[in-house]
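There are 2 protein chains.
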Amino acid sequence: MDPLLIFKALSNETRLQILDWLKEPEKHFPPQEGGDCRKIGVCVSHIQEKAGLSQSTVSQYLLTLQRAGLLEVYRYGQWTYYKRNEQKLKELAAFIQHDL
Amino acid sequence: MDPLLIFKALSNETRLQILDWLKEPEKHFPPQEGGDCRKIGVCVSHIQEKAGLSQSTVSQYLLTLQRAGLLEVYRYGQWTYYKRNEQKLKELAAFIQHDL
DNA sequence: TTGATCTATCGGGATATAAAGATATAATAA
DNA sequence: TTATTATATCTTTATATCCCGATAGATCAA
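First to last, the protein sequences are chains H and L.
Residue 459 in the numbering used here sits at position 91 of the first sequence, with consecutive numbering throughout.
Residue 385 in the numbering used here sits at position 17 of the second sequence, with consecutive numbering throughout.
Misleading hints may appear alongside valid ones.
Where chains are identical, the list cannot tell them apart; a pair therefore holds if satisfied intra-copy or between any two copies.
To be verified - When the alpha-carbon atoms are kept at most 30 Å apart in a straight line, the in silico DSBU-like pairs for lysine-lysine are as follows:
| # | residue 1 | residue 2 |
| --- | --- | --- |
| 1 | K458 | K376 |
| 2 | K376 | K451 |
| 3 | K376 | K456 |
| 4 | K395 | K451 |
| 5 | K376 | K418 |
| 6 | K456 | K391 |
| 7 | K391 | K376 |
| 8 | K395 | K376 |
| 9 | K391 | K458 |
| 10 | K391 | K418 |
| 11 | K418 | K458 |
| 12 | K451 | K391 |
Simulated from the structure, these hints should not be mistaken for laboratory data.
Generate coordinates for the entire structure from the input sequences, incorporating the hints supplied.
Structure follows, in C-alpha cells:
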C-alpha cells in the first residue's frame, strides 16, 4: 500500500474512467471471445477503443494503475486482460477513512 | 467534490505530511499566541518551518489543499491559519468506498 | 509615516507526466 | 516459414508540476 503511488495513478481523468468502466465491464465493453470479462477482465484493445486514445498511451495507463495495485492482470496467449483489484480498493477506502 | 482535483492535491509527499501533521497539531507545532490550533488552525510559518521548504512553496501547497477542499482557512490580522476540513475528508472516504 | 512581519503571487529553471508514432516482442494463423 | 494480431516499450514533443527567489499586499508596531 503506497498511498502516494495510488494518488498519482488516480490523478488522471481517463484512468479514473477506466476504473469506473471496469466496475460493470459488460455494460461498457463489447463481448469477448476469450472469457467472461467479470472473471478474467477486459482486454487492452477494448479499453483502448473506449478511451479513444492511442494504444501505447492506454497500455501505459493500465500499467500505471497496475503498479499502484488498483488493477490485476491476466495474460492468455496474445491477450492481456485487466480487471479491478477490489481488495486493494477496499484497503484504500480504509486508509482514507482511518489514516488520512 | 472534485475527485480529480483532490487526487492531484494528494499526489505529493509533503502535502500528505501536512494533512497528517494537522491531525494532531499540538503534537507537531509550537504553541501559538493567536489562538488554539485545534480550533483556528496552524499558521503558515509554523507549517513552513516543519516542512523545511520555502515560504512560497508551502503557501502554494496550502492553497492547493484548500482549493481541493481538504483544508479550511481562517485569517486574522496578518496571520493565516489552516486546519483540516474533516467534513470533506469524510466525503472523500465515502466517495472512495462507494463510487471509486 | 516608516519599518517590520506574515502571507500571497509572479516568473523561471528543473523535472515529471501526457500522449503520440515507431518499433519490438510474443503468440497465433496461414 | 511468413504474415498477422495483441500488447509492451522506446523516443520524442508538449504540457504540467515542483520548488525556488523576488516581489507585492496587508497588517501591526513604533
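For each hint, the structure was consulted:
1. K458 <-> K376: both (18 Å within a copy, 20 Å between copies)
2. K376 <-> K451: both (19 Å within a copy, 24 Å between copies)
3. K376 <-> K456: both (15 Å within a copy, 20 Å between copies)
4. K395 <-> K451: within (14 Å within a copy, 42 Å between copies)
5. K376 <-> K418: Answer is both; intra-copy 22 Å and inter-copy 24 Å each pass.
6. K456 <-> K391: both (14 Å within a copy, 24 Å between copies)
7. K391 <-> K376: both (20 Å within a copy, 22 Å between copies)
8. K395 <-> K376: Intra 27 Å, inter 29 Å, cutoff 30 Å: intra and inter.
9. K391 <-> K458: Answer is both: 14 Å inside a copy and 22 Å across each meet the 30 Å cutoff.
10. K391 <-> K418: within (14 Å within a copy, 41 Å between copies)
11. K418 <-> K458: within (26 Å within a copy, 32 Å between copies)
12. K451 <-> K391: within (9 Å within a copy, 35 Å between copies)
The structure agrees with every numbered hint stated previously.
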